[in-house]
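Please arrange chain Z on chain R, whose structure you already have, making use of the hints.
Read top to bottom, the protein sequences are chains R and Z. So the first sequence is numbered by numbering that gives the first Met the number 0: it starts at 0 and just counts up by one. So the second sequence is numbered by numbering that gives the first Met the number 0: it starts at 0 and just counts up by one.
For the record, the hints were derived by calculation from the structure and aren't laboratory data. Please read all numbers here as calculations on a predicted model, not as lab measurements. Some clues are possibly wrong.
[Stated by the list, open to error] If the Cβ cut is set under 10 Å, some of the chain R residues that face chain Z in the computed set are:
id, residue
1, Thr8
2, Gln30
3, His32
4, Ala63
5, Leu125
[Unchecked claim] Simulated DEER-style distance windows between Cβ atoms:
id, chain 1, residue 1, chain 2, residue 2, range
6, Z, Leu90, R, Lys84, 15 to 23 Å
7, R, Pro105, Z, Gly38, 43 to 51 Å
8, R, Leu98, Z, Pro9, 38 to 46 Å
9, R, Ala97, Z, Tyr37, 51 to 59 Å
[Claimed, not checked] Now the stretches of chain Z that chain R is said to cover, found in silico as 3 or more residues with beta-carbon under 8 Å:
id, segment
10, 24-34
11, 68-77
Where is the CB? At the ideal position from N, CA and C, for every residue including glycine.
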Amino acid sequence: MATYSLLVTANPYSSQGQLSAIQFAKTLLEQGHELMRVFFYADGVLVASRLHAPPADEINLTKAWAKLAIEKDIELIACVTAANKRGIVNVAEAERNALTGNNLDPAFEISGLGQLTEAMLNSDRLITFG
Amino acid sequence: MKSLYIINQPQKLNQALPFISEQDGILLIEDAVVVATYGSVQANHQTLYVLVEDLIARGLKDKVGVEQWNLVDYPQFVELTLQYDKSVSWL
Numbered sequence: 000m001a002t003y004s005l006l007v008t009a010n011p012y013s014s015q016g017q018l019s020a021i022q023f024a025k026t027l028l029e030q031g032h033e034l035m036r037v038f039f040y041a042d043g044v045l046v047a048s049r050l051h052a053p054p055a056d057e058i059n060l061t062k063a064w065a066k067l068a069i070e071k072d073i074e075l076i077a078c079v080t081a082a083n084k085r086g087i088v089n090v091a092e093a094e095r096n097a098l099t100g101n102n103l104d105p106a107f108e109i110s111g112l113g114q115l116t117e118a119m120l121n122s123d124r125l126i127t128f129g
Numbered sequence: 000m001k002s003l004y005i006i007n008q009p010q011k012l013n014q015a016l017p018f019i020s021e022q023d024g025i026l027l028i029e030d031a032v033v034v035a036t037y038g039s040v041q042a043n044h045q046t047l048y049v050l051v052e053d054l055i056a057r058g059l060k061d062k063v064g065v066e067q068w069n070l071v072d073y074p075q076f077v078e079l080t081l082q083y084d085k086s087v088s089w090l
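One chain only, chain R, in its complex shape (with noise of 0.2 Å):
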């Protein structure tokens, strides 16, 4: 068995990326392999919101992400650099820049880009989905 991780850079809603990398880690899973971590970087750190409200009939990315992430013990890691200059901010990032409010879904972490070489060094393979 092999471990994984994967790197998301797919925009949440303007491309297909952060849907096939869902898909990609839960039948990686159903093999039996291991997803040490998701690293979101670029657009991809979008989906780390907890403040994403999509009509009933379309997917909740963010909520996929986070179902997978408590029933798999998976780490969700947003880098901070990509996130705080989109808006994407937990309460420490928050206090840090002075900013009213914050919005990173429990599910994630932010930290940075450290942890995606981490991610890749101690990963039998690392897929991209952009």
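Showing chain Z alone in chain R's frame:
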């Protein structure tokens, strides 16, 4: 070292082809699956795959040139990423 090139938009295949070696594989996903309906691709002996779920979603499954393209599903997609040494998503 053989790589699996993952292509997700139709115009990216021609951009990527000059960089893809004979022993590599090419997998079309998302909007790129339409390329598998174009007839023959000027590939240089690479093995060609296309994701069947994305073909079905676009109503294109019966229009694929099956003698050149191998139809794979998500479980086979995962297996391909292990069969090749690394994956390159052409962005």
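To see whether the hints hold, each was checked on the structure:
Interface restraint check for threonine 8/R: the shortest CB-CB distance to chain Z comes to about 7 Å, inside 10 Å, so the restraint holds. Hint status for glutamine 30/R relative to chain Z: holds, with the closest Cβ pair at about 6 Å, below 10 Å. Checking histidine 32/R against chain Z: minimum C-beta separation of about 7 Å stays under 10 Å; hint holds. Hint status for alanine 63/R relative to chain Z: violated, with the closest Cβ pair at about 15 Å, above 10 Å.
With its C-beta approaching chain Z no nearer than about 8 Å, leucine 125/R sits inside the 10 Å limit, and its interface hint holds. For the pair leucine 90/Z and lysine 84/R, the supplied restraint of 15 to 23 Å holds, since their beta-carbon distance comes to about 19 Å. With their beta carbons about 50 Å apart, proline 105/R and glycine 38/Z fall inside the hinted range of 43 to 51 Å. Evaluation of the 38 to 46 Å hint for leucine 98/R and proline 9/Z yields a pass: the beta carbon distance comes to about 41 Å.
Restraint check, alanine 97/R to tyrosine 37/Z: a C-beta distance of roughly 54 Å satisfies the suggested window 51 to 59 Å. Remark: the segment 24-34 of chain Z is confirmed as covered by chain R, as 3 of its residues place a Cβ nearer than 8 Å to a Cβ of that chain, reaching the required three. Judged by the Cβ-Cβ criterion of 8 Å, the segment 68-77 of chain Z is covered by chain R as claimed, because 4 of its residues qualify and three suffice.
Violated hint: 4 only; the structure is consistent with all others.
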